[in-house]
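Trainee: With the hints as your guide, set chain E onto chain P.
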Amino acid sequence: MMSILAAQGIWWWRDPASPQPLQWWVLAATVVTETAYLVVMPQWRYRVHRWEVTPEAVYTQTGWFNQERRIAPIVRIQTVDLARGPVAQLLGLASVRVTTASSAGPLRIHGLDHALAVSLVEQLTELTVSDPGDAT
Amino acid sequence: MSEGEFRRLDVRMLLVHPVQEAVRFFPALAAVFITGRTSGRSPWWDLGALVVVVLLGMSRWFTTRYRISGGQIELRTGLLNRKLLATPADRVRTVDVTAPIWHRLLGLTRVEIGTASGTHSDRIVLDALAAPVAEALRAELLHGRAARPADASGVDPVAARHDAAGPDLTETGADVADRPERATDSVAAIPETVLLHLDPKWVRYAPLTTSGLLTALAVWGFALQFLGDVIGPIEAAVNQFEAWGLWITVVVLVVAATVGIALLAVTAYVLAYWGFRLTRHVGGTLQTTRGLLTTRSTSIEEARLRGVELSQPLLLRLAGAAHLSAITTGLHHAEPGGGGGVAPLVPPAPQQASLGVGAAVLGDPEPLAVPLQPHGPAARRRRYVRAVWPALVLVVVAGLLEWRVGLPRVLFGAALLPLLAAPFLAADRYAGLGHALLARYLVTQEGSVYRRRVAVARDGIIGVVVRESYFQRRAGVATVVAATAAGRQGYAVLDAPAPVADTLVVDLIPQASHFGRRSDCDEGS
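So the protein lines, in turn, are chains P and E. For the first sequence, my numbering begins at 1 and goes up steadily by one. For the second sequence, my numbering begins at 1 and goes up steadily by one.
Chain P extracted, bound-state conformation:
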């Protein structure tokens, strides 16, 4: 999104004929679509986003236009990570990532409250202590 605006900025700056009508049209189209995107996408994503942990499995549902549901049995979990980026730290949030032996199926739970994320990691770690094999 920023790159689209930046490209237009360069166009305005380098093109000796600017401002011309075509440039205004492109800018207007960009602003309209980006605004719609910013209004729709986060809400849609938030409505779709779900996660659940039971004593047997972890489940996530993510995405908006394209959606994904991921399920991993607790017995297959290999690692549980907790990550906090700078913005997440500012907002008191954290992400939890659960991986199995397959590179196709890591589960990510974004934007959790930090305290909740920590307790979730502890809960998962306790559940995965017994190790019946990882099917490699």
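These are computed hints drawn from the structure, not numbers from a lab. For clarity, every value in this text was computed on a predicted model and none was experimentally measured. Note that beta-carbon positions come from the ideal geometry of N, C-alpha and C, so glycine has one too. Take the hints with a grain of salt, since some may be wrong.
Stated by the list, open to error - So the derived label-pair ranges between C-beta atoms look like this: (1) P:L90 <-> E:T289: 58 to 66 angstroms; (2) P:V32 <-> E:S513: 41 to 49 angstroms; (3) P:V87 <-> E:V51: 49 to 57 angstroms.
Unchecked claim - Going by beta-carbon spacing under 8 angstroms, a handful of chain P positions derived as facing chain E: (4) E56; (5) R70; (6) P73; (7) R76.
Claimed, not checked - Interface residues of chain P toward chain E, partial, derived using beta-carbon atoms under 8 angstroms: (8) E52; (9) T54; (10) Y59; (11) E68; (12) R69; (13) A72; (14) T100; (15) A101; (16) S102; (17) S103; (18) A104; (19) G105.
Mentor: Just chain E now, kept in the frame of chain P:
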């Protein structure tokens, strides 16, 4: 073999390593030489650089040591930056013994040990050992455990499974032999069963694979670097083409390209698969041996085999041929884009050979023969839409170009071809689409130009991903990806009807049963 003490690589590597280092440092050596000549430096400097490189190469032999001790494989490498790599021996999944041509001349082989983690940095590479030592090491790593009394007693499940599959094998004709054969190497005590021998007649399938095309592209890319030298012949050829006119030129070029690609494909096939042999060892491993110049021998622990993949590119399928690969952990990038863990079990050969070997390896002929559950009208519609759309866009663009800038009629005609082919492609893609859930295997098939049937063991499935794009949700279908630690890491059941997909998820992962159907507040706005 005595345990505990560190062993070195073969002493003949003192000849190979310096050459390898010299090749690696060739740019630096060339730079030293050239700057030396232009600045009038003493030639002793050049000699000194060469000696340093040679010593560096020789130091690899002195610093590399390995041992198998206490259930651990340890590898020590490095002169300045010392490194110790240790891995439990029971994590070994595959052993790959490769002998490039220069190694073969010296009687050496390179041993690569693949472990369960499958990451590249954890692979143990011993470059190189004497061929008999490598064979002994392979037997020690893979069969050493099976030779213990606890495992040797009782009925061998592998042998039992093999007997069950016997009748199917004999039906497949002379190509798939079923006779025990004594190993010719130093560990001749381990009996083996030959499952497949390459029949030289199978080379006729080589031009039908894509390997020729890929080789041709590689050669083309290489040749482009020397384009300057061949300007003369190209100009002569262009003049000749002008004399011939368009149609003859097209025909000549197509024929030349076809013949060239076919020759390359045959060469690639012979280089890769010459002397291909698939054997099963009583210790519970499958072993493939292949290659004309570089011989390569891969051992796969059968208990860790997670399934097979039957591939049929369009041309091979029309010729009634196929090739088969194993799905396993511990192999890296055997196939471009294929991820790790794909090892050929049958080269491109008549379909019966692949089916026979598949039945023998899986212990069950059903996964590769079972009729599949089709995915219904919505999936069929999606095949047509997805085939026709891009073709239609191409025609519209070509039409616009012809209208505005006068595109030649020939090109416009060419742009129509994909649209004509699209319905047939879509119909064939739908005909090939389907899945089946058996007691031990999930079978899934898709594709037309590259049709692929995968049988993946259900006990190797360690997670499920359900993908639904907006259009898939509207059509009421979903793609279920079964995640495994082996092979391509994930195998997709494409566009299954949503209720079928949900049932499939619960069947694959019983623990998923109480995560209900996705919520209704799906389409926010």
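Trainee: Hint by hint, say whether it matches the structure.
Mentor: Hint-by-hint comparison with the structure:
Between P:L90 and E:T289 the CB atoms are about 60 angstroms apart, so this pair conforms to the stated range of 58 to 66 angstroms. The hinted window of 41 to 49 angstroms between P:V32 and E:S513 holds, with their beta carbons roughly 45 angstroms apart. The supplied range of 49 to 57 angstroms is met by P:V87 and E:V51, whose beta-carbon atoms lie about 56 angstroms from each other. Interface restraint check: P:E56 against chain E, minimum CB-CB distance 4 angstroms, threshold 8 angstroms, status holds.
At about 5 angstroms, the closest approach between the beta carbon of P:R70 and any beta carbon in chain E falls short of 8 angstroms, and the interface hint on this residue holds. Using the Cβ-Cβ criterion of 8 angstroms, the hint placing P:P73 at the interface with chain E is satisfied: the shortest such distance is roughly 5 angstroms. At its closest, the beta carbon of P:R76 sits 4 angstroms from a beta carbon of chain E; the interface hint therefore holds under the 8 angstroms criterion. Proximity of P:E52 to chain E holds as hinted, the smallest CB-CB distance being about 6 angstroms (cut-off 8 angstroms).
The beta carbon of P:T54 comes within 7 angstroms of a beta carbon in chain E, closer than 8 angstroms, and the hint placing it at the interface holds. With 8 angstroms as the threshold, the beta carbon of P:Y59 comes within range of chain E, its nearest partner Cβ sitting at about 5 angstroms, so the hint holds. Residue-level restraint check for P:E68 holds (minimum Cβ-Cβ distance to chain E is 5 angstroms; threshold 8 angstroms). The interface hint given for P:R69 holds, since its Cβ lies 4 angstroms from the closest Cβ of chain E, which is under the 8 angstroms cut-off.
Interface hint at P:A72: satisfied, since its Cβ lies 4 angstroms from the closest Cβ of chain E, which is below the 8 angstroms cut-off. Taking 8 angstroms as the C-beta cut-off, the interface hint given for P:T100 holds, the closest approach to chain E being about 5 angstroms. The restraint placing P:A101 at the interface with chain E holds, with a minimum CB-CB distance near 4 angstroms, inside the 8 angstroms limit. Checking P:S102 against chain E: minimum C-beta separation of about 4 angstroms stays under 8 angstroms; hint holds.
With its C-beta approaching chain E no nearer than about 5 angstroms, P:S103 sits inside the 8 angstroms limit, and its interface hint holds. For P:A104, the shortest C-beta to C-beta distance to chain E is roughly 3 angstroms, which falls under 8 angstroms, so the interface hint holds. With a least beta-carbon distance of about 4 angstroms to chain E, the hint placing P:G105 at the interface is held under the 8 angstroms criterion.
This entry satisfies every hint, going by the numbered hints stated previously.
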